[in-house]
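Guided by the hints, dock chain W onto chain U, whose structure is given.
If you read the sequences in order, they're chains U and W. Per our numbering, residue 1 is the first one in the first sequence, and the count goes up by one each step. Per our numbering, residue 1001 is the first one in the second sequence, and the count goes up by one each step.
It is worth saying that the hints were derived from the structure and are not from the lab. Every residue, glycine too, gets a C-beta built ideally from N, C-alpha and C. There could be a bad hint or two in this list.
Which chain U residues face chain W? A few, computed with CB under 7 Å, are given here [claimed, not checked]:
| # | residue |
| --- | --- |
| 1 | 229 |
| 2 | 302 |
| 3 | 368 |
| 4 | 421 |
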Amino acid sequence: MSIKVAEIKQTKPAPIPAKSRKSPWRLAILFALAAIASGILLTGVSAWFLGAVALAGLGPAAFTFNFHTPAAFVRLFALTKTACKYGERVVGHRAALLDQVRRRTGLFTAMALVPSTRATGWQFGNQDRLADYIDDVEDVDFARLRVGMPVLALTAGAAALVIATAWFASLALAPIAVLGLAIGLMHTWASSRVTRQWASVRSSRRTAGQQIGSALAALVPLKAERAFSSLLQEAFSLFSAAEANTLAQRCAFAFVDLLAGLAGPLAALSVLLAAWHAGHRDDALLYPAFVAFGWLAFGESVQTASRILQGHVRERAARAGLDDWRATADTESSSTSPAPLQTLVLDSIPRQAPDGRRLGDAMSLTLRAGQPTVLVGASGTGKTTLLKQIAGWLGADDGRYTSDGNILHTATRRALSYLGLHDAAILSDTVRANLFAPDATDDACWQAIEAVELRPRIETAGGLDAWITQDVLSLGEAQRLNLARALLSDAPLMLLDEPTEHLDSAQGLRILERVLHCSADRIVVYSSHNEQAAQDAVQITL
Amino acid sequence: MWLSTDAISPRRHQNVLTAKYTARESQAHDNALGPARIMGAAGLRMTLAWQVARTLFRLGFAAALAVFGGRMIEGGTFVVQALAGALGALVLAGCTGLIADRAAARTETELADGLRARLQAALADMAPHRLRTRPAGALIAGLQRHPDALAGLVIGLTAARTMMGIGPLLAALAVAIVSWEAALTLLLAIPVMGLFFALLGGVVRSRAATQEKNFGRLAAQFADRIRTLPTILANHALPCEHDKLETRMTAYADSTMEVLRVAFLNAGIIDFFSALSIAVLAVFLGLGHLGLVHVPGFYGLQLWQSLFILIIAADFFTPFRRYAEQYHLKAEGEAAAKELDWYFVAPGHDAMPFTFEGLDTFSVAELPTTGLIAISGPSGAGKSTLLRMLAGIEPPSSGITTLPQISSLGCDWISTEIYVPSGTLAEAIGWNRNTPARAALQRAAEQVGLLDETLLPGGLDATIAEGGANLSGGQRMRIGIARILLSSGAVFADEPTAKLDAETAALVRGVLSESARQRLVLVATHDERLIETADRHYVLRPPRSKEPVAA
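With the rest of the complex left out, here is chain U (with noise of 0.2 Å):
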């Protein structure tokens, strides 16, 4: 296993924000206008033309026929058609690329002020609620690309042409309008009914992948008693009703395309019976096969309605879940700079899971600097939970936190903290930037590479500017690295959640012997199942 080496190339000056620029958007609708309309005025004006010239063949009229014009239109028409589609995509494309930075880094912050990113587990560790998440914010992304943008211009195609109808064929309107209502109650129909379909989607593939979730984690015992295979398929035929309900969903979505063929054609049968029944004959009947072939036009573009309807009930369902985690966002205060801490004083903590479940009795702690304290307890004890609390992850600001007398409320004990997760993430990124020191030196990196012993592995993946991702790292190689980030914190309160997890045991001790030693002038916590780890340390037995 190697890592790529390489480094950041820039080939490019530095790109200017996103939200100092202009949104396109105007101009991607201005080009679907004209793209609909070109397309619709291509057709109308072709079959005008033909007709007049037929009618002007048959007489003397035809040496004097003026066709340079109208030959001149239909070839703009093309032109313009192909020049417009083209800007519709390319410029509508950039708006929602644009959009979609704005959005995404709204969410990143959104999501980090959210008090349950900080409380609990996190659920996007895993790799298929991340996915089903990215699904969502892909499906808002593009929504006014695929849906939007296609609406406005159908109906600004839609009321040209009934507009252009009213005025050669009138009575057209009538049947025009029928159709018109009849994709109306389609529309209503196959929305909800989609809807529903797609929430009964969402929800039976969560479930379903959660139930084969805990299967795989519990694959041994299971595997043991036999009981695997029935687990996968009660997990299983939930896929299958999932795939069901898309079948389902599918034939309403042919319903609205059927629909949707039909209106064009029917339009322009319509307008061509409307024009002979109010008696046009001849020269008269050619606004009327121009109206009647734009409409045959616009049915051409109506064909992707079913898509326009699913990315339009992708959005909503998207959006719902998105939503959550705007609802409820701390605030988040300005970091106070680390000044010294001599002691901590926990006054009475209540000790209370984050799901509710009470884990003991309030407890109360004198923690100093110089004088480190170990956590243990097995699994389930409320390590982790009480590191959180400590660190202001967690819990009420009630003013149970104190340090010579003054109250140390959430924000501050957040600001003055490091807090070494267990399950700490390796950023794709450089080496350095998964340090986390923007203002260490090359030289502090490697100390801290150095005495977590991954010196020679960093300089094989190429040194500090290397970039890494998580499963180029072992576990081990993972927890190490987050040990060095704690070497290279200067934050005077030091949380780490199980530090010598994955490693064996001789290296475990030696490096965290070294982080102790490095961090002797400040308060440091740290958890671990393995009373060995104890050293020195004031045991806390949870």
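Below, chain W alone, put in the same frame as chain U:
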């Protein structure tokens, strides 16, 4: 040929999930795509047949509409048959279209279901050591998405590609009835379009490669930062990461636009030829009607014939557009097929011989039917693997087979990782245990000290959350022990006392040696106190490091 009207979607899951593992196992297998094509063949033929029917009716509609409109304008006659024909053909085209869409949907569903059934069987049979080489999350995300993606490729995209061959040909034939010269003009557009596609394809590929090279690693930065959000918060890096994320996403969006600008030219070419052929044919036909130009095939036609050519000219290019719209299925489906291959590959077996201290041979048959057997040895010696082989979970190798006394009902495996269904404590203990009586459940729960009102209030009716999330490791272990009190087969345990508080560990030791009187209990352990109570003790040697083989 790189055709796409929506170039965002092909990137959709690739970055987050799928591309990751294909890079490592890049041997060319065809265990998913080939069989999927065979499974979907009948349905695909059916779908295509209905799509051809739709195309024919659509051509019929065009002819009838042209006659109706043409005769009305040119001849001043109202041809009722043409109107009836147009309406009839339109309705039939709609209905056959509906049937074709539903046939495609049904075929894809059946194919996805079929693929999932195969996946389920493959997963059920897969040995734990192999199954664990993939992160559970990636596996689940794949199971949710890959079968559908592959079905989309095998049915939807294949149908669209085939129709790209059939549709224009049928349209050209229809035009040829009126004017073979006009048909030829339309057909001529295809090779010219092909030439443009080929030229553009090269540019798009090279731009995409440049993007991948310079910006590829920025593709999934948002997902990555969401995944690592708590770590970012713990390191006080939120403002810095926020700015970096914005810069990188902007850079990636800009580079994506570089690719899209060229990629969209493909769709632009289809639009261009479609619009151009309408314009050219309209002008030529118009000149023919005026008698100004005598181009063969465009001269002396009636108006309905010209209108017919004009309507068909628009339809001629529709199959190309449909294919372009679905082109993104190709990348998604192929990536999915590569991923799914992994499930259907029979893995090579690298057998590791087990060697025991003070023993020349180890025979499964020599193991007693009752008693506590402890297996110890340094980590990496293969204790867990040995245990799993004896339990019949891993395929047998090196002379280690499943214990003869283990029936198809299996055995018990105690661990903090046991499966705990959500519901009540009674349901968790009695799960997969032939619905024991409440009194028996009560006894078992009491014996292992699970009825502690302060830690798990509610007794047997205490609520167990999804995945046992509200239980501590010790409580899970106790549920596991309560469960073996309700069964009678062999018991296996892998490091049962590690990571436990002293009280639970003592309880585990007690129950294991108690159970060993009536049944066989096998434990892999370092726990000296547990080893002391064992009836037999085997010590596994670490595997010999592979010696260099002399040539």
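Here is what the structure says about each hint:
1. 229: holds, 4 Å
2. 302: Where the cut-off is 7 Å and the nearest Cβ of chain W is about 13 Å from residue 302/U, the hint is violated.
3. 368: violated, 23 Å
4. 421: Hint holds; residue 421/U Cβ to chain W Cβ min 5 Å, cut 7 Å.
Hint check: violations occur at hints 2, 3; the rest are consistent with the structure.
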